[in-house]
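Please work from the sequences and hints to get the whole structure.
So the chains spell out like this:
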Amino acid sequence: MEQGTIRLKTGLAEMLKGGVIMDVTTPEQAKIAEEAGACAVMALERVPADIRAAGGVARMADPTIVKKIMEVATIPVMAKARIGHFVEARILEAMGVDYIDESEVLTPADDKYHIDKRDFTVPFVCGCRNLGEALRRIAEGAAMIRTKGEPGTGNVVEAVRHCRQVMNEVRVLCGLPEAEVANFAKEIGAPLEVCLLVRKEGRLPVVNFAAGGIATPADAALMMHLGCDGVFVGSGIFKSGDPARRAKAIVQAVTNYKDFAMLAEISRDLGEPMVGIEISTIPSGERMQERGW
Amino acid sequence: MAARCVGVLALQGAFREHVSAVSRLGVAAREVRQLKDMDGIDAMIIPGGESTTMGKLLNEWHMLEPLRERIMQGMPVYGSCAGLILLCRTIENSDQPRLGVLDATVRRNAFGRQVDSFETELSMPEVGPDPVPAVFIRAPVLISVGPEVRVLAEVKGQAVAVRQNNILGTSFHPELTPDTRLHSYFLNMLGQ
Chain A
1 MEQGTIRLKT GLAEMLKGGV IMDVTTPEQA KIAEEAGACA VMALERVPAD
51 IRAAGGVARM ADPTIVKKIM EVATIPVMAK ARIGHFVEAR ILEAMGVDYI
101 DESEVLTPAD DKYHIDKRDF TVPFVCGCRN LGEALRRIAE GAAMIRTKGE
151 PGTGNVVEAV RHCRQVMNEV RVLCGLPEAE VANFAKEIGA PLEVCLLVRK
201 EGRLPVVNFA AGGIATPADA ALMMHLGCDG VFVGSGIFKS GDPARRAKAI
251 VQAVTNYKDF AMLAEISRDL GEPMVGIEIS TIPSGERMQE RGW
Chain B
1 MAARCVGVLA LQGAFREHVS AVSRLGVAAR EVRQLKDMDG IDAMIIPGGE
51 STTMGKLLNE WHMLEPLRER IMQGMPVYGS CAGLILLCRT IENSDQPRLG
101 VLDATVRRNA FGRQVDSFET ELSMPEVGPD PVPAVFIRAP VLISVGPEVR
151 VLAEVKGQAV AVRQNNILGT SFHPELTPDT RLHSYFLNML GQ
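Chains as they are written, first to last, in our numbering: chain A, 1 to 293; chain B, 1 to 192.
Source of the hints: derived by calculation from the structure; they are not laboratory data. There may be inaccurate statements among the hints.
Said to hold, decoys possible - Here are the simulated distance ranges between beta carbons: (1) Glu126/B / Arg164/A: 43 to 51 Å; (2) Ala53/A / Glu148/B: 32 to 40 Å; (3) Gly112/B / Asp116/A: 42 to 50 Å; (4) Gly56/A / His62/B: 43 to 51 Å; (5) Glu92/B / Lys31/A: 44 to 52 Å; (6) Arg113/B / Gly55/A: 31 to 39 Å; (7) Arg89/B / Gly175/A: 46 to 54 Å; (8) Gln158/B / Asp116/A: 31 to 39 Å; (9) Arg245/A / Glu121/B: 16 to 24 Å; (10) Arg164/A / Pro178/B: 26 to 34 Å; (11) Val72/A / Glu121/B: 34 to 42 Å.
The beta-carbon is built from N, C-alpha and C at its ideal position, and this holds for glycine as well.
Written as structure tokens, this is what we have:
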């Protein structure tokens, strides 16, 4: 009997495919998410929009909050650790959290090294803007990848950019003659072995979700059309007028992203979406997508 | 006999892996997202994923009753993990939507959380002489089964693979391994 193998770590992400993972800050929100059909929840102290508004240093959530959410949810519970903060990650692992997000949404704890995720039993999800970043995270042991997008803005443009970028680079890599892969690996700053694996499989070796700025069922369906395996939604749900209805609609939109008549039905009467922020108005130092190395 | 087609419920979860396993065995597979996708299928696989998510979507889109009827009429069905949960008559401490066609009581997350997930090998003589690789991810177990249910494999004395006539269920994920013997076993159920 083996535990913590890469097959078990990537396997849980495979089970999340075609689903929606929702940020929640209270047990009540966790129940709303589960009722709506979320395939997992992300336990947080604040959703990204509130992290932006509050400023200051954003850290791992208080274990009390995470524990309370774990007690009410029967679906997997994820939680965030700061980039490079392997002690926060060990604490979350000891608590029995099902997945750790080494997340740029929190204030990074290390400006050079990410967590060495290989010798943890718990699996990790990490953000990326391009293929090089995705493959560096996978080489460090990430068992799941997501776009960084621009969290807390309700603006999907960055998630779209990152997803298209990763997919385009995968297509380029898969079309290269084998002799040119080493140079490609050097140019994108990713390990050769992982590049060769992607080229052989014709796809990323782990599940890739969309995240950062998804606010409507149409946004969620758009990300599925661009090739994502599922979506994370944070502020988009609990910063909207009717969270329960919107959460359910986004779950339905991810499953039936190809049926536009159904998407029209799903998108009706959802109340006010979150107000949102235009990306160009955010100073570059406050852009969460710039974090991670 | 007309070419057979296996439906794979694709509302959420690891449906792509089941489609791939069935296709590798030379049988057509179709993703089932809506009621109309069930027309013309000869068997159904319900994949791993989140049973609450799948149960709610099945209910919401009025697929639960028609699927239950097809199974009661004898259509072969195979559920892995979340799929097994949805097949069971009773889910411990839960009233979530389900098919309820398998005479058994299931306990969700019976081994603990993700850090307790494990891989092992199981002796399953009905499936083949060599041990079957088994990946358990936040897996359920059957805490009791009815007289018509045959236990095909156990872990620590608890049933993790069962068959009741046209219904097959495993609490592990053969679709995550290259071993297709369990899918072959299921496809053989179509011919009987």
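We went through each hint and held it up to the structure:
Under the hint 43 to 51 Å, the C-beta atoms of Glu126/B and Arg164/A, about 48 Å apart, fit the expected range. A beta carbon spacing of about 59 Å between Ala53/A and Glu148/B contradicts the range 32 to 40 Å that was offered as a hint. Gly112/B and Asp116/A have their C-beta atoms about 25 Å apart, which leaves the hinted 42 to 50 Å range violated. Checking the proposed 43 to 51 Å range against Gly56/A and His62/B shows it holds: the Cβ atoms sit about 49 Å from each other.
As the Cβ distance of Glu92/B to Lys31/A is approximately 19 Å, the hint placing it in 44 to 52 Å is violated. Distance hint check for Arg113/B and Gly55/A: the Cβ-Cβ separation is about 34 Å, which falls inside the suggested range of 31 to 39 Å. About 52 Å separates the C-beta atoms of Arg89/B and Gly175/A, a value consistent with the hinted range of 46 to 54 Å. Hint check: Gln158/B to Asp116/A, Cβ distance near 36 Å, so the stated range 31 to 39 Å holds.
A hinted range of 16 to 24 Å for the beta carbons of Arg245/A and Glu121/B is inconsistent with their spacing of about 46 Å. For Arg164/A and Pro178/B, the Cβ-Cβ distance of about 32 Å falls inside the hinted range of 26 to 34 Å, so the restraint holds. For the hinted restraint 34 to 42 Å between Val72/A and Glu121/B, the CB-CB distance of approximately 35 Å keeps it satisfied.
Of the numbered hints stated above, those contradicted by the structure are hints 2, 3, 5, 9, listed in ascending order.
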